[in-house]
Structure formats: C-alpha cells, structure tokens
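Peer 1: The primary structure of each chain is shown beneath.
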Amino acid sequence: MFPFNQPPPTAFYVALYMATLVLHVVPMCYVLGGQTWLATVGLWEAARGPASAPVRGISAALRDWMPLALAVTITAGVAPLLFLQVLCQTPFYTANLLLFHRWMAILPVLIAAFYLLYLQKSKRFVDWPAAGRAAVALIVMLLFGFVAWSWTENHVLSLQGQAVRVEQYSAGGLFYENAETGPRLALWWAGALAVMAGLAYCQTGRLAGASRPLAWLGLASLTAAPLAALAWQRSLPPEVWSGLVAQVWPYAALLLAGAAAQLVMWALVMRSRRFLPLVAWLLPAAASLTTLGVAGVRELRRWQSVDIAGFYEAHARAAAVGGWGLFLFFLLLNTAIIVGLLAVVRRGVRRSPVDRA
Amino acid sequence: MAFPYYPLQDYGPVMKGMVIGGLGIFHVYLAQFAIGGGVLLAYFQWLAGTGRLPLARRVVDGMFRVLVLVSFVMGALTGVAMWFTTIQVSPRTIGLMVDQFHWVWAIEWTFFALEVASGYAFYRCASRLDDRTRFWLLVVYAFAAWMSLFWINGILSWQLTPGGWSETGGVWAGFFNPTFWPSLLFRTLASLATAGLVGCLVINLAPGYKRSERRVLIHRAAHLLAPMALMPLAGAWFLMAMPADSRGWVMGGSIAMTLFFSLGVGASLLIGAYAAAMLVSRRLMMNAATASLLVALGFFATAGAEFVREGSRKPFTVRGALYSNSITPDEVAKAREVGLAAADPYPLADGVAYPTGQLELGAKTFRLQCSVCHTWDGANGLAHLAETWTTQQLRLNVAQLQRTKAFMPPFAGPAEEVEALAQWVRWRLEGAPPVWDTTDDPAVLRQITDDLDAVGTGPGIAIQQREGLQVDD
Numbered sequence: 001m002f003p004f005n006q007p008p009p010t011a012f013y014v015a016l017y018m019a020t021l022v023l024h025v026v027p028m029c030y031v032l033g034g035q036t037w038l039a040t041v042g043l044w045e046a047a048r049g050p051a052s053a054p055v056r057g058i059s060a061a062l063r064d065w066m067p068l069a070l071a072v073t074i075t076a077g078v079a080p081l082l083f084l085q086v087l088c089q090t091p092f093y094t095a096n097l098l099l100f101h102r103w104m105a106i107l108p109v110l111i112a113a114f115y116l117l118y119l120q121k122s123k124r125f126v127d128w129p130a131a132g133r134a135a136v137a138l139i140v141m142l143l144f145g146f147v148a149w150s151w152t153e154n155h156v157l158s159l160q161g162q163a164v165r166v167e168q169y170s171a172g173g174l175f176y177e178n179a180e181t182g183p184r185l186a187l188w189w190a191g192a193l194a195v196m197a198g199l200a201y202c203q204t205g206r207l208a209g210a211s212r213p214l215a216w217l218g219l220a221s222l223t224a225a226p227l228a229a230l231a232w233q234r235s236l237p238p239e240v241w242s243g244l245v246a247q248v249w250p251y252a253a254l255l256l257a258g259a260a261a262q263l264v265m266w267a268l269v270m271r272s273r274r275f276l277p278l279v280a281w282l283l284p285a286a287a288s289l290t291t292l293g294v295a296g297v298r299e300l301r302r303w304q305s306v307d308i309a310g311f312y313e314a315h316a317r318a319a320a321v322g323g324w325g326l327f328l329f330f331l332l333l334n335t336a337i338i339v340g341l342l343a344v345v346r347r348g349v350r351r352s353p354v355d356r357a
Numbered sequence: 001m002a003f004p005y006y007p008l009q010d011y012g013p014v015m016k017g018m019v020i021g022g023l024g025i026f027h028v029y030l031a032q033f034a035i036g037g038g039v040l041l042a043y044f045q046w047l048a049g050t051g052r053l054p055l056a057r058r059v060v061d062g063m064f065r066v067l068v069l070v071s072f073v074m075g076a077l078t079g080v081a082m083w084f085t086t087i088q089v090s091p092r093t094i095g096l097m098v099d100q101f102h103w104v105w106a107i108e109w110t111f112f113a114l115e116v117a118s119g120y121a122f123y124r125c126a127s128r129l130d131d132r133t134r135f136w137l138l139v140v141y142a143f144a145a146w147m148s149l150f151w152i153n154g155i156l157s158w159q160l161t162p163g164g165w166s167e168t169g170g171v172w173a174g175f176f177n178p179t180f181w182p183s184l185l186f187r188t189l190a191s192l193a194t195a196g197l198v199g200c201l202v203i204n205l206a207p208g209y210k211r212s213e214r215r216v217l218i219h220r221a222a223h224l225l226a227p228m229a230l231m232p233l234a235g236a237w238f239l240m241a242m243p244a245d246s247r248g249w250v251m252g253g254s255i256a257m258t259l260f261f262s263l264g265v266g267a268s269l270l271i272g273a274y275a276a277a278m279l280v281s282r283r284l285m286m287n288a289a290t291a292s293l294l295v296a297l298g299f300f301a302t303a304g305a306e307f308v309r310e311g312s313r314k315p316f317t318v319r320g321a322l323y324s325n326s327i328t329p330d331e332v333a334k335a336r337e338v339g340l341a342a343a344d345p346y347p348l349a350d351g352v353a354y355p356t357g358q359l360e361l362g363a364k365t366f367r368l369q370c371s372v373c374h375t376w377d378g379a380n381g382l383a384h385l386a387e388t389w390t391t392q393q394l395r396l397n398v399a400q401l402q403r404t405k406a407f408m409p410p411f412a413g414p415a416e417e418v419e420a421l422a423q424w425v426r427w428r429l430e431g432a433p434p435v436w437d438t439t440d441d442p443a444v445l446r447q448i449t450d451d452l453d454a455v456g457t458g459p460g461i462a463i464q465q466r467e468g469l470q471v472d473d
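In order, the protein sequence lines correspond to chains A and B.
If you count by the UniProt record's numbering, then the first sequence holds residues 1 to 357, one letter each, in order.
If you count by the UniProt record's numbering, then the second sequence holds residues 1 to 473, one letter each, in order.
One chain only, chain A, in its complex shape (with noise of 0.2 angstroms):
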C-alpha cells in the first residue's frame, strides 16, 4: 500500500507529509468554507434583509474565530511545505519559479485578507450597513479563493514533464492553464464547506436553530463534492487515472468511509431538535478522515507523474540527517505544553468572574 511500498526513507517522509498536510487541511477548510459562508449570507443580507437568528449566531462565531484559524493555518502549512521540499525538491522549485510573481502574489493578498478578518470581526463592523459587510466579506471570500486556485494552479504545474515547462517558460506566461485545475479547486473547496460545516457545529450546535443550516450545508457540498470529484477524474489523462485505480483503493475507502460518516450524522443532527454532543466530536473526526484519504489521492496522483525513484537516493540522504529524535521530542514537549496551557487558561476563564456572569 502506498506510501508504504516504497522504500523506508520515502515512505516516511510521504507519510510525514500526508500527516502533517491533514492538520493544515482541516483549518484551511474551515477559513475557506467559513468564509464562503460568510460572503454568502452577508449578499443576502444586503439583497433581502437580516438573515435568521441561528444563521447569523453561526456568522458571529465564525468572524470570531476566523483569524485565530487563518494563524493555525499558515503555522501548520509551514511543516507539510518542509517536507514536500524534502520530498520533491525540482517539481516544486520549478512551478514556483515558472508562475513568479504571480505566485508570489498570495503573500500580499494573504496579508490583506488577515487584516479584514480582524475588520471583519471588530465590534464597529457589526454596524456597519449590510452592503459594505457583504462588499468586505465577499472580497476576503475572494482573496482566498485567489489563493487556493494559485495553490492548485501550482501543484497541477509541478506534476508536468519538462517539455510543459520549457513551453510556459518561453511563452512568460504567469498563468498556467489545464483541465485539471477548475475541478480539482472545485473539489477543494466543496470539501472545505463539508469540514467547515462539522466544525461550526461544534462551535455552534448549542444555538438555537443552527444545527439545521449547518447540515443543509453539510449535505449539499456532500453532494457537490462527488461531482466534482468526477469532473477531476474525466479530466485526468488516462494513464494517469489507470495508473491511480491500481493503488487508490484504501484511500477511496478512507474518503468513502469518512464521507459516509459524515452524511449519517448530517441525517441524524436533521432528525433531532436538540444538539448531539456525541456528533460534534465525531464530525469533525470523519472529516479528518475524509482528509486523509483525499491526501491519499493526491499523493498518489503527483507519483503517477513525478519520477518518484528519481528521488530515493535524495530521500535517503535526507533520513541520513540528524535532529529527527530531538523534533519528535520537541512536537511531544510543546504538544504536552499546549494541551496543559490551554486547559490551565480553560480553568482560569471558568473561574473568573466575567465568565460566571
């Protein structure tokens, strides 16, 4: 199974990088989707009127966490970016540099859409007309939208051969067209809804009323995601999708699996009026699960068309490096702090007096 019938030291580092690209995934989701969410109800509060009491408690909560989840997110991308570079250094430096400031571009725009979320959640911006909150959350939607197209342009530019590359290069294009492109993004970020979904409903299932739009939400981009899942199939070339059906099989069933999860517990949160505490927490779960086995697929799609064995010898002198024992000591050491300062910061607010009024 892969990345296991590879050698050990590319195997690890795969495995590494599915691992850690799963904990960026899940909070990019939930900006991605989050902000969707909040573009989405902000026009149409400026077209018809406020929106429901739930469905406007679900935007506060999201326009609360929203910038805390973009911080988590670039923190956490920052490790899947590390070993992507140890794994697959030329594909990646190559697409980089081919796309230039085009690329390079999701850094001001990141920066732009960090300080509206901040706007976006400032008290003042609550009153605000709907107009111009709807005109701001919609172009932060925008924003990063740009990105995560910018982020699929250049992975869909990293898994073509030389002669594609020479090609953009002469041709100075800052924009790189293929098939895949439109419905892999689609993809993304159907699926961003769906995990966005499982985890607003932890942070909001209590409210009144909000459980139901939340898993309307959850359902429909369950259903949007195959489609476009099938739209990225008929856009693969056919080696390359013959190439992925011999080996996908345990991370379709991860995705299936998860998916499947999701939409059972989508149906139950619709059946019942109260809020299912044992749902919020596998929600999220299954969602991750779901990511999982999505990494899966994309990983083993960049192997059908990067030289994979190209890069052993690389990967093998990259595992000969030291300071391997001493990272997994430190991800356990500041684990362990985080996890005893949230909960000493957990118990202080419980006593304090704010929090008891």
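What the hints contain is simulated information worked out from the structure, not anything from laboratory work.
Mixed in with the good hints, there may be bad ones.
Unchecked claim - Between beta-carbon pairs, the in silico distance windows are:
#1 A:Tyr115 <-> B:Pro347: 53 to 61 angstroms
#2 B:Gly170 <-> A:Ala246: 37 to 45 angstroms
#3 B:Pro434 <-> A:Asp307: 36 to 44 angstroms
#4 A:Ala320 <-> B:Thr390: 50 to 58 angstroms
#5 A:Gly310 <-> B:Ala229: 48 to 56 angstroms
#6 B:Asn287 <-> A:Glu177: 54 to 62 angstroms
#7 A:Glu177 <-> B:Pro232: 54 to 62 angstroms
#8 A:Leu142 <-> B:His384: 39 to 47 angstroms
#9 B:Leu230 <-> A:Leu332: 31 to 39 angstroms
#10 B:Pro355 <-> A:Leu119: 50 to 58 angstroms
Cβ atoms here follow ideal geometry from the backbone N, Cα and C, with glycine treated the same way.
Since chain A is already given, all that's left is putting chain B on it; use the hints.
Peer 2: Just chain B now, with coordinates in the frame of chain A:
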C-alpha cells in the same frame, strides 16, 4: 552533467539580492519585535502582578493587540514570504538548507505552534485571567518566540560559518558553528532593544494616560534598552568569529559593506546614547516623535547588520559548499570541461532578437551565472561596470572573476562560454545591432583557457592563500 537547471526569471532593473535582502530586513525587524515584545510584556505583567506598577496591566493588554496585528500577521506571512522569495532567487540554496536542516526547521515549527497557541490564548482570554496565569502565559509566549530565534539562528549562521559540517557533514556540527553564539547574543539584544523602542512608541500613542504615568511606563520600557551595552561586545565577538576574508569585506574591503556596517553601528550608537541618557536621567521623557525616530533608527541598524551578514558570505551562499550563483565548487570544475550554459534547457524568454547562437549562449551564461547579483543596466548593472573595458579586458576579467573581485565566484564554463559572455556584453554595449560576427579565433580561445587555468576553479580566497596575499587569519 546532471546539473539542476531552473527556469530563472529576470527582475529587470532590480537586483535579486535586493529583493531578498529588503524583505529579509523587514521580516527580521518584525521578528525581533515579536521576540523582544514577549519579554517586555512578561516584564510589564510582572510589574503589574507584583503590585510594583499596577497601570502596566493596561499596557500589556494594549500592546499585545499591536503585537498580534503586527507580528502574528505581518511577521508570520513575511516569514513564509522569505521562504518563497528564496526559492525564486536561489532555489538551490534553500534546497540545500532544507536537505540539511529540515529537522531543525521542524523543531522550530513546534515552537511556532506553541507561540501561536499561547499568543492567541492570551489575546482571547487575558481579560478573564488572573495575574499569575497571565504572567506565565506571557513567559511561555516569550520563550517560544525566543526558541524560534534559537533554531533559525543556527541555520542562518551556518551559511557563513559551516564549522565542522564542512568536514563531517554533521548537522549539529553545522548548527553550533563558530558564529552561532555571538549571533544569537546579538540578535537577542537587538530584539530586546526593538521591543523597548516600540514599547515607548505604543505607550506614547495609547490614549488615557496622564503625562506622569507615561513617564513612568516609558522609563520601565527603556529598561529593555539597557542590555544594548553588551552589543559592542557581541558585535566584536561576531566579527572575530567570521572568516578572515569575510571580515576583510566588512572592514574596508568592500565599500558598500563597510558603509552598511557603519550605518548599523552609527544607528545603534545613537539609540544606545539616548537609552543611556533615559536610564540615567529620570526627568528625560521620550515623546512619540522621538520614539518613532528611534524605531526608524533601529530599523536602519537592523538593515545594516543584515546587509553585512548577507554580503559577507560572498562569494558563497553556503560557505565552501555553494557559490552565490547556486553552483557548487565541484560543478565549477566539471563545467570548465563540459560547459554549463550550453546545456540549459530553458530558452531565452527576454524577447530580444539575437543575431547569432554565440550571443544566445552569452545571454544564457549571464542568466545562469551573473543574474543573481547583476542586472544589465539597473542595480549593479554590467553595462555600468564593463562599459569602459576593452574586449580583451572583458575576457580576462570574466575568465578570472575571482581575481577580478574576490567576492565573485569562479567562472563555471569553458573558454567558449567566456567568449560568448564577452561578446554578448560587447554587443549590448554597442546597442544590440542586428548583425554581429561570431568569434571563434583559436588563439583567443587558447588565451582564455590559459587565463581560466591560471586561477583554477577555487574561490578568490584560495588564490590569495596560494599566492600569499593579504591573508592575516
């Protein structure tokens, strides 16, 4: 030869080093503020919690918002930007760094996570926490921020002084290299000073304080400037730990580097002098304008120090392992035999019509070997540097680059590529005429080969050592 060619981009009149340097300086200053800011806030929280200065609590809450808005957003994203910009400017350098130090970076990442967790916990919940919890949260935040400096400092200082790594390849031999400790000390002092200055500015700008309250708070914030007294010691230690040739550039060998070094020292001295006056005279008040000016001076001091750190590595990006144009010493030797630019698979995409294949080869040679530090007629432009040179002088200077200027890497290619580059420069200096003769005089090529052989494939310092020139290490 399995040389990893990348599709290098043209930055027009801007030198690639200026892009990475400019962003680097900005990021470092923000990072210094984040690191020192944690210490300053923990100190103020301690003052408030122990009853020494109760009004410090408000400063903590207000300044933490500034820290989040400046450091958590701009600091984090300029950090990522540094990574992506390095890929754009020198993919092989960042690739080598990742290959060697990915676990160190991964360790640093765990501290980023701790920094974000403690920072946001404070940001969201501080108003509902008791003083003791607030203090320890800030201590954890400050510790995590400083530890991120600890880890990245090992990687950055390794680039200048790889230490035992050069012989053994051991990651810890490279990490704890000769400039690790002086650099760590210097950066820690700079972080404290930066936070002290920004603290003074924030206190001045915060509403609701009486003048007497501001005076007390500003004098407390200025305490973080006191360790600056150790800066000359740390700076001297760093200079002494540098390789002799690198120190030579700073101490007059390269006027640009000497000027930036002087700028850094001068700006630091001015800040230090003001800090000393503040600490001695309790009547002296730093107003917002002065604080802004000192923050700006701090930025220039950082700019000077970072420019010196980056520039003094020349002709390497990783000393002894990778030249500044991303070619290794072994590849230089091999390229002298089999060529380098001729095999570059990426065509020229500059829209220029080249009348001959030799000129195309010259343009590719420029792109591959020169464009990281030179433009054509912008910053550090070849047009300005070579316009008065004769063709013969041009050939000699290119063939013996490391003798022309010892902070340039040796030429990586055979005589044909030297001649192609020389012809390309001449052709462009002549206004890029549509007709240009290809030069293939065997006597000229033989002379270039002799010139190349005379300097060998090592860096300029190797020639100096071989010939016994100006080496005082």
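Peer 1: The structure should be examined with respect to each hint, and the outcome stated for every one.
Peer 2: These are the hints, each one checked on the structure:
| no. | hint | in the structure |
| --- | --- | --- |
| 1 | A:Tyr115 <-> B:Pro347: 53 to 61 angstroms | 41 angstroms, violated |
| 2 | B:Gly170 <-> A:Ala246: 37 to 45 angstroms | 42 angstroms, holds |
| 3 | B:Pro434 <-> A:Asp307: 36 to 44 angstroms | 43 angstroms, holds |
| 4 | A:Ala320 <-> B:Thr390: 50 to 58 angstroms | 51 angstroms, holds |
| 5 | A:Gly310 <-> B:Ala229: 48 to 56 angstroms | 55 angstroms, holds |
| 6 | B:Asn287 <-> A:Glu177: 54 to 62 angstroms | 57 angstroms, holds |
| 7 | A:Glu177 <-> B:Pro232: 54 to 62 angstroms | 58 angstroms, holds |
| 8 | A:Leu142 <-> B:His384: 39 to 47 angstroms | 43 angstroms, holds |
| 9 | B:Leu230 <-> A:Leu332: 31 to 39 angstroms | 35 angstroms, holds |
| 10 | B:Pro355 <-> A:Leu119: 50 to 58 angstroms | 56 angstroms, holds |
Comparing the model with each numbered hint stated earlier shows that hint 1 is the single one that does not hold.
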